[in-house]
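Start from chain H and add chain L according to the hints.
If you read the protein sequences in the order shown, they are chains H and L. Residue numbering for the first sequence follows numbering that gives the first Met the number 0, beginning at 0 and increasing consecutively. Residue numbering for the second sequence follows numbering that gives the first Met the number 0, beginning at 0 and increasing consecutively.
Just so you know, these hints were derived from the structure itself, not from any lab. The structure displayed is predicted, hence computed values, not measured ones. Wrong hints could be hidden among the right ones.
[Claimed, not checked] Each pair of labels, with its calculated beta carbon distance range:
no. : chain 1 : residue 1 : chain 2 : residue 2 : range
1   : L       : 91        : H       : 248       : 45 to 55 Å
2   : H       : 247       : L       : 251       : 16 to 26 Å
3   : L       : 61        : H       : 260       : 58 to 68 Å
[Said to hold, decoys possible] Derived pair list, reagent style DSS-like, types lysine-lysine, alpha-carbon separation capped at 27 Å:
no. : chain 1 : residue 1 : chain 2 : residue 2
4   : L       : 199       : L       : 185
5   : H       : 115       : L       : 185
6   : H       : 121       : L       : 185
Idealized CB from N, CA, C, for every residue including glycine.
The primary structure of each chain is shown beneath.
Number of protein chains: 2
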Amino acid sequence: MKIIVDAFGGDNSPGAVISGAYMAAKEFGDIILVGDEDKIREYAKNNSIAIDDVNIEIIDAKPVIEIEDDPQMILREKMDCSMAVGLRTLSEGDGDAFVSAGSTGALVVGATFIAKRLKGIKRAALSPIMPTDTGPLILTDAGANLDCRPEMLVQFGIMASCYMQRVMGIESPRVGLLNVGSESTKGRSLDMDAYKLLQKAPVNFCGNVEARELPWGVCDVVVTDGFTGNIALKLYEGLGGYFSNSLKGMFSGFPGAVAAASIMPRIKAFRNKMNTTDIGGAMLMGISKPVIKAHGNSDDKSFYRTICQARDCVEGNFIEEISNALKEV
Amino acid sequence: MKIIVDAFGGDNSPGAVISGAYMAAKEFGDIILVGDEDKIREYAKNNSIAIDDVNIEIIDAKPVIEIEDDPQMILREKMDCSMAVGLRTLSEGDGDAFVSAGSTGALVVGATFIAKRLKGIKRAALSPIMPTDTGPLILTDAGANLDCRPEMLVQFGIMASCYMQRVMGIESPRVGLLNVGSESTKGRSLDMDAYKLLQKAPVNFCGNVEARELPWGVCDVVVTDGFTGNIALKLYEGLGGYFSNSLKGMFSGFPGAVAAASIMPRIKAFRNKMNTTDIGGAMLMGISKPVIKAHGNSDDKSFYRTICQARDCVEGNFIEEISNALKEV
Numbered sequence: 000m001k002i003i004v005d006a007f008g009g010d011n012s013p014g015a016v017i018s019g020a021y022m023a024a025k026e027f028g029d030i031i032l033v034g035d036e037d038k039i040r041e042y043a044k045n046n047s048i049a050i051d052d053v054n055i056e057i058i059d060a061k062p063v064i065e066i067e068d069d070p071q072m073i074l075r076e077k078m079d080c081s082m083a084v085g086l087r088t089l090s091e092g093d094g095d096a097f098v099s100a101g102s103t104g105a106l107v108v109g110a111t112f113i114a115k116r117l118k119g120i121k122r123a124a125l126s127p128i129m130p131t132d133t134g135p136l137i138l139t140d141a142g143a144n145l146d147c148r149p150e151m152l153v154q155f156g157i158m159a160s161c162y163m164q165r166v167m168g169i170e171s172p173r174v175g176l177l178n179v180g181s182e183s184t185k186g187r188s189l190d191m192d193a194y195k196l197l198q199k200a201p202v203n204f205c206g207n208v209e210a211r212e213l214p215w216g217v218c219d220v221v222v223t224d225g226f227t228g229n230i231a232l233k234l235y236e237g238l239g240g241y242f243s244n245s246l247k248g249m250f251s252g253f254p255g256a257v258a259a260a261s262i263m264p265r266i267k268a269f270r271n272k273m274n275t276t277d278i279g280g281a282m283l284m285g286i287s288k289p290v291i292k293a294h295g296n297s298d299d300k301s302f303y304r305t306i307c308q309a310r311d312c313v314e315g316n317f318i319e320e321i322s323n324a325l326k327e328v
Numbered sequence: 000m001k002i003i004v005d006a007f008g009g010d011n012s013p014g015a016v017i018s019g020a021y022m023a024a025k026e027f028g029d030i031i032l033v034g035d036e037d038k039i040r041e042y043a044k045n046n047s048i049a050i051d052d053v054n055i056e057i058i059d060a061k062p063v064i065e066i067e068d069d070p071q072m073i074l075r076e077k078m079d080c081s082m083a084v085g086l087r088t089l090s091e092g093d094g095d096a097f098v099s100a101g102s103t104g105a106l107v108v109g110a111t112f113i114a115k116r117l118k119g120i121k122r123a124a125l126s127p128i129m130p131t132d133t134g135p136l137i138l139t140d141a142g143a144n145l146d147c148r149p150e151m152l153v154q155f156g157i158m159a160s161c162y163m164q165r166v167m168g169i170e171s172p173r174v175g176l177l178n179v180g181s182e183s184t185k186g187r188s189l190d191m192d193a194y195k196l197l198q199k200a201p202v203n204f205c206g207n208v209e210a211r212e213l214p215w216g217v218c219d220v221v222v223t224d225g226f227t228g229n230i231a232l233k234l235y236e237g238l239g240g241y242f243s244n245s246l247k248g249m250f251s252g253f254p255g256a257v258a259a260a261s262i263m264p265r266i267k268a269f270r271n272k273m274n275t276t277d278i279g280g281a282m283l284m285g286i287s288k289p290v291i292k293a294h295g296n297s298d299d300k301s302f303y304r305t306i307c308q309a310r311d312c313v314e315g316n317f318i319e320e321i322s323n324a325l326k327e328v
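Just chain H, same shape as in the assembly (with noise of 0.2 Å):
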């Protein structure tokens, strides 16, 4: 097995990166990393990162492209770059999956127009994994798609439940429908008309979800449109970040230390049940091979974890998994 890794990606890019690679590589098959061979070679050395004694291979790209550049950009002006070099590689099959920390616009046109969709999917759906009280749900779409129509969703939904059934273990993923009111009659008509299909598809549809719920665990899969996946992702993230830099201010200074030395177990039970940087970054699914998106500000140990899930991806032949239950609708 073979994972494709952008070098350039990310706020901590190429370090973090470079080390988050050299980590999976010790323990399990080869990494290729894409970007500049010269400035990799030249990190790893000042770092005495051995990485010609690890099966990591360099193929060298010297564009980057950036957050702030047009996401067409990649297949056009900066058709060289390392996220464009290591799609193009994935498509051609000298590897079986890519992880990039790079711009997610870039991302999903580039996996969309160079790594190609699986047959028969309309659509590639962003889908980050966020913690809840009862173990990690996964949202999708989450920003590729602003606009959508129904059976976009339904798809979203089915390609979701095969990556917690074979990714992360989960026999029945619960599958509910992100919605203003649990009554079937509730939200928009695109709301209204994915639930009429979802209800059909080959899921273990659960209705809708309220968004007030979703930090108790109410299901494994979270479907909506682009639009408000994004909304919710963020609100997710900030509210987190705000309540854990919350608790941070309050166990600070002395008094602080006081508290914390009481109940240290139960703080970090409460950081370790909230963080989902050891479950790796968003899938971007529907891709014909295995596409994630680490987030932008991974540390090396956030890229290790990533590129293991691109591993749990392959081992659990879910693009494959995918292309079955599609064969179902």
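Just chain L now, with coordinates in the frame of chain H:
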């Protein structure tokens, strides 16, 4: 000034409504309680609430519109429910503002067709107050209109801006459009068109705001369509409730009490910051007189505060201010 209060709406009605109305009547002005007079008098008697010693008038109305009723029933089968009678009293000029903790859907329909919209207003918008790190923000629309046109979003922004200015005392409220990115070209066509219109509107438009910035108090007014707003509101409430519950768990039992003792002022400060009960309910903006939706689980103090909010709306001439602002458009 007379505030009309629906005595039979909310989880704790009529008890909490009667107690809250009594607190308000003792402190200022007249209250009209609408609902089953026998039950109101019986509750007051059994709980030693001397409603006859303060300026509380009762208008008898036996039927109640339930949360599970079709909202349209307020215009048909349930025309004589406490909510409808209250709105009619408001519309006929016998009161200056209306407060209810009953069905949101019925209140939107009833207020629109019984109390009527302000001249020139396309749709009424549900506008709750949410806590942030730097003070309250108002979200509009949070569920009255699932499908919106750009010009509706602009009106919501103007109305909510007037509210923050006249009732909350913010000199130049910053109005943000909830979107998936900060650039003006982000979002659906609804958002891009609303962005252009908001730039020309008589508000202090600060551009697009991302959901992750909301807890930090990035603006005073957040404008969006009712579907997105409802999801954002409920996620905000849900995550807030989840974290507050987790905090409780951390500080429970003996080790928790020890920890809490050393940082109690910080815990209290955080709780106070995140508490909106003191602010009141959600304005239904765009109606010809102030109509406020009290939280469904309001206790007596929340009802008291929501009645105070209604008083502040009347005293702040907030409706007149909206009319003036609309003339500028």
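The hints, checked one at a time:
no. : hint                         : in the structure
1   : L:91 with H:248: 45 to 55 Å  : holds (52 Å)
2   : H:247 with L:251: 16 to 26 Å : holds (21 Å)
3   : L:61 with H:260: 58 to 68 Å  : holds (60 Å)
4   : L:199 with L:185             : holds (18 Å)
5   : H:115 with L:185             : holds (25 Å)
6   : H:121 with L:185             : holds (22 Å)
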